[in-house]
Amino acid sequence: MEDKQWMLAQLTDLFHKSRDYKQKALLMAAKELIEEQEKRKEQLQGELDGTLWNPGNWNG
Amino acid sequence: MKTLILISHPNLEESSSQQFLVQSLPESTEITVHYLEGAYPDGQIDIKKEQELLKQHDRILFQFPFYWYSSPPLLKHWQDEVLEEHFAFGYRGNKLRGKEFGLILVIGVGEKEYQTGGQEGYSISELTKPFQAMANKTGMTYLKPLSIFQFPYMTEEEKMQLLIQYQQWLMIDRPDSLKAREQWLIQELENTDQQLIEADSSAFILDEAIEMIEDNRLELDELRMHIDNDHQ
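Residue numbers (the numbering used here), protein chains in the order written: chain A, 1 to 60; chain B, 1 to 232.
Extracted from the complex, chain A is given alone in its bound form (with noise of 0.2 Å):
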């Protein structure tokens, strides 16, 4: 998480730090892509949890 959030804190330097408008906004949707990324990872976790505390799969 310290990780993801030293990462984006860097991109959004980059996007101060860049002289062309399209970079720019690569470099925001890369902050956004990393963002869908650690939700999906929550997501998928939490279907993970789910399924292992699901009742169907305890005799299993």
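Everything labelled a hint here was simulated from the structure, so no lab data went into it.
Just so we're clear, the structure is a prediction, and the values are computed from it rather than from any experiment.
Hints are not guaranteed to be accurate.
Computed list of lysine-lysine pairs in DSBU-like fashion (alpha-carbon distance at most 30 Å, straight line) [said to hold, decoys possible]:
| # | chain 1 | residue 1 | chain 2 | residue 2 |
| --- | --- | --- | --- | --- |
| 1 | B | Lys159 | A | Lys39 |
| 2 | A | Lys41 | B | Lys159 |
| 3 | B | Lys2 | A | Lys4 |
| 4 | B | Lys76 | A | Lys39 |
| 5 | B | Lys112 | A | Lys39 |
| 6 | A | Lys24 | B | Lys159 |
| 7 | B | Lys159 | A | Lys31 |
| 8 | A | Lys24 | B | Lys55 |
| 9 | B | Lys144 | A | Lys39 |
| 10 | A | Lys41 | B | Lys144 |
| 11 | B | Lys144 | A | Lys24 |
| 12 | A | Lys31 | B | Lys112 |
| 13 | B | Lys179 | A | Lys4 |
| 14 | B | Lys2 | A | Lys31 |
The following residues of chain B were derived to be distant from chain A, with all beta-carbon distances above 10 Å [claimed, not checked]:
| # | residue |
| --- | --- |
| 15 | Pro10 |
| 16 | Asn11 |
| 17 | Glu30 |
| 18 | Val33 |
| 19 | Ile45 |
| 20 | Lys49 |
| 21 | Asp58 |
| 22 | Glu111 |
| 23 | Tyr142 |
| 24 | Phe151 |
| 25 | Ile164 |
| 26 | Met171 |
| 27 | Glu198 |
Glycine is no exception: its CB is placed at the ideal position from the N, C-alpha and C atoms.
Could you slot chain B onto chain A? The hints should help.
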């Protein structure tokens, strides 16, 4: 994949949204932009030339302002002239079969109005049925449209998101897929001109960002694998 964008607009120069899209185009030899009103100011369409252009591309996109629930007149005229029998449909009319077809719509009214009970009353999917039918008849796969609502009201951040979305729409096989967007973004980060960033550490940070995206993908695939295994 070779993409053809057919732009139709009565006055491209004065449209801020269309100018934004044109400026947003990625530098790629795989993309051809064809502005109809510019190519045919007198409305006389070179049918053979247009058909050749279609044959040379895999993904055909119509980009236009959504006027009265349809396209500007020249694009309709283009359809009438170019998509003729024995080329696009009918006996031996299979030249478009297997290609992809999509719309890039610039729409003046807000998204929420395009639904039952909204000001417009009908969804974009309903209103674009003739284009879907055209794709169906000519054997093309209809893609989800890229609908751009109320461009002048967009924030700078939203415009940047649109720029990326537009580029992905033109270049990626399945622009909805997270995995496909990851691969595209990594490639773009690898190719971006670091000279344009006034920071000594830019190369290092971009490398780290790529590594983080790749590591996240590995974790995502692993989680998915565990979940699938549990369901067996």
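- Hint consistency between Lys112/B and Lys39/A [alpha-carbon to alpha-carbon, up to 30 Å]: Roughly 26 Å between the alpha carbons, so the hint for Lys112/B and Lys39/A holds.
- Are the Cα atoms of Lys159/B and Lys39/A separated by 30 Å or less? 23 Å, holds
- Item | chain A versus Asn11/B - minimum CB to CB distance exceeding 10 Å, so not interface | The claim holds: Asn11/B sits with its nearest Cβ about 24 Å from chain A, beyond 10 Å.
- Over 10 Å to the closest beta carbon of chain A is the bar; see if Glu111/B clears it. 20 Å, holds
- Could you grab the alpha-carbon distance between Lys31/A and Lys112/B and see if it respects the 30 Å cut-off? 28 Å, holds
- So is Glu198/B really clear of chain A, every C-beta pair being over 10 Å apart? Violated, because the least Cβ-Cβ distance between Glu198/B and chain A comes to about 5 Å, which does not exceed 10 Å.
- Beyond 10 Å from every chain A Cβ: check whether that's true for Lys49/B. 31 Å, holds
- Straight-line alpha-carbon gap Lys41/A to Lys144/B, limit 30 Å: 26 Å, holds
- Regarding the assertion that Met171/B does not contact chain A, is the least Cβ-Cβ distance greater than 10 Å? Non-interface label on Met171/B holds, nearest chain A Cβ at 13 Å vs cutoff 10 Å.
- 30 Å Cα cutoff - pair Lys2/B, Lys31/A: Distance of about 29 Å is within 30 Å: holds.
- Taking 10 Å as the cut and beta carbons as the points, is Ile164/B off the interface with chain A? 4 Å, violated
- Query: Can the restraint linking Lys2/B and Lys4/A be considered satisfied, given a maximum Cα separation of 30 Å?
  - Reply: Roughly 36 Å separates the two Cα atoms, so the pair is violated.
Checked against the numbered hints given earlier, the structure breaks hints 3, 4, 8, 25 and 27 and satisfies all the rest.
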